[in-house]
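Protein chains: 2
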Amino acid sequence: MSNRKQVAQLAGVSEATVSRVMNGIGPIKESTRQKVLDAAKQLDYYPNDVARRFAKKQSGNIGVVLPFVPKVNLFSTFYFSEILSGIGEMLHESEYDLLLLFRDADGPKDYSRWFKTGKVDGLIILGSSDSQEERNALLQLADHHVPFCLVNQRYDEEKLSYVDGEHVSGSREMTAYLIQQGCRRIAFLNGPLAYSNSRDRLLGYRQALEEHGIEWNDQYLFYGNYSRKSGAQQAELILKLLPKLDAVYAANDRMAIGVMQTLKQAGIRPGHDLLVAGYDNSDASSVSDPPLTTVHVPFHLMGREAAKYLLRQFGCKEQPEIIQLKLDTKLIIRASTTKN
Amino acid sequence: MSNRKQVAQLAGVSEATVSRVMNGIGPIKESTRQKVLDAAKQLDYYPNDVARRFAKKQSGNIGVVLPFVPKVNLFSTFYFSEILSGIGEMLHESEYDLLLLFRDADGPKDYSRWFKTGKVDGLIILGSSDSQEERNALLQLADHHVPFCLVNQRYDEEKLSYVDGEHVSGSREMTAYLIQQGCRRIAFLNGPLAYSNSRDRLLGYRQALEEHGIEWNDQYLFYGNYSRKSGAQQAELILKLLPKLDAVYAANDRMAIGVMQTLKQAGIRPGHDLLVAGYDNSDASSVSDPPLTTVHVPFHLMGREAAKYLLRQFGCKEQPEIIQLKLDTKLIIRASTTKN
Numbered sequence: 001m002s003n004r005k006q007v008a009q010l011a012g013v014s015e016a017t018v019s020r021v022m023n024g025i026g027p028i029k030e031s032t033r034q035k036v037l038d039a040a041k042q043l044d045y046y047p048n049d050v051a052r053r054f055a056k057k058q059s060g061n062i063g064v065v066l067p068f069v070p071k072v073n074l075f076s077t078f079y080f081s082e083i084l085s086g087i088g089e090m091l092h093e094s095e096y097d098l099l100l101l102f103r104d105a106d107g108p109k110d111y112s113r114w115f116k117t118g119k120v121d122g123l124i125i126l127g128s129s130d131s132q133e134e135r136n137a138l139l140q141l142a143d144h145h146v147p148f149c150l151v152n153q154r155y156d157e158e159k160l161s162y163v164d165g166e167h168v169s170g171s172r173e174m175t176a177y178l179i180q181q182g183c184r185r186i187a188f189l190n191g192p193l194a195y196s197n198s199r200d201r202l203l204g205y206r207q208a209l210e211e212h213g214i215e216w217n218d219q220y221l222f223y224g225n226y227s228r229k230s231g232a233q234q235a236e237l238i239l240k241l242l243p244k245l246d247a248v249y250a251a252n253d254r255m256a257i258g259v260m261q262t263l264k265q266a267g268i269r270p271g272h273d274l275l276v277a278g279y280d281n282s283d284a285s286s287v288s289d290p291p292l293t294t295v296h297v298p299f300h301l302m303g304r305e306a307a308k309y310l311l312r313q314f315g316c317k318e319q320p321e322i323i324q325l326k327l328d329t330k331l332i333i334r335a336s337t338t339k340n
Numbered sequence: 001m002s003n004r005k006q007v008a009q010l011a012g013v014s015e016a017t018v019s020r021v022m023n024g025i026g027p028i029k030e031s032t033r034q035k036v037l038d039a040a041k042q043l044d045y046y047p048n049d050v051a052r053r054f055a056k057k058q059s060g061n062i063g064v065v066l067p068f069v070p071k072v073n074l075f076s077t078f079y080f081s082e083i084l085s086g087i088g089e090m091l092h093e094s095e096y097d098l099l100l101l102f103r104d105a106d107g108p109k110d111y112s113r114w115f116k117t118g119k120v121d122g123l124i125i126l127g128s129s130d131s132q133e134e135r136n137a138l139l140q141l142a143d144h145h146v147p148f149c150l151v152n153q154r155y156d157e158e159k160l161s162y163v164d165g166e167h168v169s170g171s172r173e174m175t176a177y178l179i180q181q182g183c184r185r186i187a188f189l190n191g192p193l194a195y196s197n198s199r200d201r202l203l204g205y206r207q208a209l210e211e212h213g214i215e216w217n218d219q220y221l222f223y224g225n226y227s228r229k230s231g232a233q234q235a236e237l238i239l240k241l242l243p244k245l246d247a248v249y250a251a252n253d254r255m256a257i258g259v260m261q262t263l264k265q266a267g268i269r270p271g272h273d274l275l276v277a278g279y280d281n282s283d284a285s286s287v288s289d290p291p292l293t294t295v296h297v298p299f300h301l302m303g304r305e306a307a308k309y310l311l312r313q314f315g316c317k318e319q320p321e322i323i324q325l326k327l328d329t330k331l332i333i334r335a336s337t338t339k340n
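If you're matching them up, the sequences are chains A and B in order.
Those letters in the first sequence? Residues 1 to 340, per the UniProt record's numbering, in order.
Those letters in the second sequence? Residues 1 to 340, per the UniProt record's numbering, in order.
Heads up, some of the hints might be wrong.
Since the list gives no way to pick out one identical chain from another, each pair is judged satisfied if it fits inside one copy or across any two copies.
Unchecked claim - No more than 25 angstroms apart at the CA atoms, straight line, and that leaves these computed lysine-lysine pairs for DSS-like:
#, residue 1, residue 2
1, Lys264, Lys339
2, Lys264, Lys229
3, Lys5, Lys116
4, Lys116, Lys35
5, Lys29, Lys308
6, Lys116, Lys41
7, Lys240, Lys116
8, Lys109, Lys41
9, Lys244, Lys339
10, Lys109, Lys240
Worth flagging that the hints you see were computed from the coordinates, not collected in a lab.
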């Protein structure tokens with residue numbers, strides 16, 4: 001491998017000039033710049049990226065924070081995969097690389113250390129949920145005026161940037177659709193309320209019931225943890241309400257698929273004897289038996305938008321702007337609600 | 001934020017000593033080291049990670065190379081997600097971070113530039129396929145004696161490290177199982193032969209036929225590109241062989257699910273009128289209609305093993321060892337082949 005000295009000799013300039021050209025620092029005469037670049041090309045010389053970033057006080061990385069849960073295959077979940085894919089697509093068009101960072105479930109939530117140690121120039125935070133500790137960590141990070149963005153989670157009262165889905169209207173539309181299908185007794189299987197997602201879906205469900213003059217019934221509200229297993233388990237309880245039930249609507253597809261498994265084992269046909277709906281429009285929802293009526297969430301686009309926001313901040317001298325973006329969802333109707 | 005100078009003053013040492021302690025470079029008296037660490041802690045001082053790595057000539061990153069295909073949501077595929085998840089889990093236990101890198105489909109395949117620019121200390125390469133250009137790029141990389149590892153792809157004649165699955169025996173076991181189920185006319189829908197995977201599966205299929213005295217029939221061999229769509233399309237051709245066919249075995253689950261869709265549209269019941277099998281044991285295979293008989297591939301573990309191999313190289317002064325690891329697969333029997 002060639003070095004800076006050889007490039008300087010071939011170009012007939014000083015080593016400092018080679019550095020300045022390679023790092024894009026300071027004014028350089030165009031003819032000099034071209035001489036250096038030609039010499040570097042001829043010698044197959046690559047300036048050290050780490051050194052170059054260090055000179056510019058940049059890491060060149062956008063960090064994506066994922067929750068780390070041992071023995072759970074995180075990337076397998078449709079949700080994280082899609083968001084990551086959107087971020088990756090946006091960064092591929094930029095000079096930035098994507099650094100995956102894992103947040104321990106139990107460890108101290110110190111997001112700022114990744115900035116302090118110069119590992120990242122910006123952060124995208126996935127899988128955040130509302131606890132006092134998490135909220136404090138995010139507000140502390142905001143105090144440092146570094147660019148970061150939440151995806152699919154909001155802290156409504158706080159001035160924190162996020163890219164989210166329109167989950168209230170998504171859930172309201174789903175519930176209204178089930179009512180239009182003739183259902184009045186609709187069990188709702190929600191996820192944990194620490195996620196703004198779950199609160200949004202609950203609100204949408206409530207709004208649709210009210211708009212259609214259907215009385216609220218606590219008996220119809222169930223909670224799982226967004227896993228297929230929790231859906232299958234809660235379905236055991238939901239079964240006890242039969243035959244007084246017209247539909248089960250779960251806050252994500254995985255739980256809905258778990259519900260359908262339990263129903264089928266009990267000899268109840270989803271889509272015939274009881275309507276079942278999910279949320280997310282995951283890969284699995286289109287191939288499940290029966291295919292699942294669901295709400296499409298533009299996770300891929302949400303990832304893209306979060307990355308685009310960060311890239312926009314890097315050029316600015318000002319402190320980061322705040323964006324609060326909610327992207328549209330879409331009702332997807334399949335056989336699990338059509339009694340065909 | 002505090003700086004090195006303040007730490008040096010509080011600890012009563014020179015700034016150079018602070019650097020040496022923080023970077024773990026050279027011999028330092030234990031009492032001095034402790035004084036510096038105490039002062040750093042008291043002042044909430046974080047040494048710049050980039051500077052520290054640069055001093056050690058390390059990036060602290062393991063790069064994971066993924067194929068970049070615009071408008072395809074890469075992470076969504078079970079295959080990449082599982083491998084990435086395994087790598088992430090292994091690195092989480094280490095001091096290394098995971099840098100995602102995208103290889104352009106058309107661009108020059110210069111893997112060495114990520115080492116030359118100091119972006120990574122090691123590479124894990126996913127989605128590699130056999131072309132002269134790719135082979136040259138990998139051999140060139142090997143010439144630099146930098147640690148890297150292929151996952152789920154081999155170049156048999158070359159001395160390149162890989163972690164792969166035992167796909168010949170996996171495919172042989174699947175084919176033998178179908179024969180035991182009474183099938184003699186088994187269509188095989190393979191993926192492109194540029195993947196060692198596809199060649200392994202074809203070989204396993206052939207071996208099982210031979211072992212059971214079933215004559216090879218070119219008519220039964222089809223090719224897709226591992227997408228669900230290609231499975232659905234090839235199934236149109238496969239349908240023309242009916243009723244002279246007992247089973248369709250596809251080289252991955254996505255194609256098998258595509259095949260089942262086309263069959264159902266034509267009024268043919270998978271698992272009753274025609275047995276269907278896949279390969280990968282993806283999430284979708286367990287929820288498809290009917291659930292799919294398949295071969296479990298330990299993708300998560302393959303990712304872990306590749307990362308473990310790289311971490312082992314980093315401590316060594318020698319040139320990287322070569323590992324060639326094949327992990328066991330497992331037959332998974334479900335309703336798509338059981339005529340119940």
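Outcome of the hint check:
1. Lys264 to Lys339: both (15 angstroms within a copy, 18 angstroms between copies)
2. Lys264 to Lys229: Classified as within: same-chain Cα gap 15 angstroms, cross-chain 29 angstroms, threshold 25 angstroms.
3. Lys5 to Lys116: So Lys5 and Lys116 pass the 25 angstroms test across copies only (16 angstroms; inside, 32 angstroms).
4. Lys116 to Lys35: Cα proximity of Lys116 and Lys35: across copies only (21 angstroms, versus 37 angstroms in one copy).
5. Lys29 to Lys308: The answer is neither: 33 angstroms in one copy and 48 angstroms across copies each exceed 25 angstroms.
6. Lys116 to Lys41: This pair counts as between: shortest inter-copy Cα distance 14 angstroms, intra-copy 35 angstroms.
7. Lys240 to Lys116: neither (54 angstroms within a copy, 64 angstroms between copies)
8. Lys109 to Lys41: Only across copies: Lys109 and Lys41 sit 17 angstroms apart there, 45 angstroms inside one copy, limit 25 angstroms.
9. Lys244 to Lys339: within (17 angstroms within a copy, 35 angstroms between copies)
10. Lys109 to Lys240: neither (41 angstroms within a copy, 60 angstroms between copies)
When the structure is compared with the earlier hints, violations turn up for hints 5, 7 and 10 and for no others.
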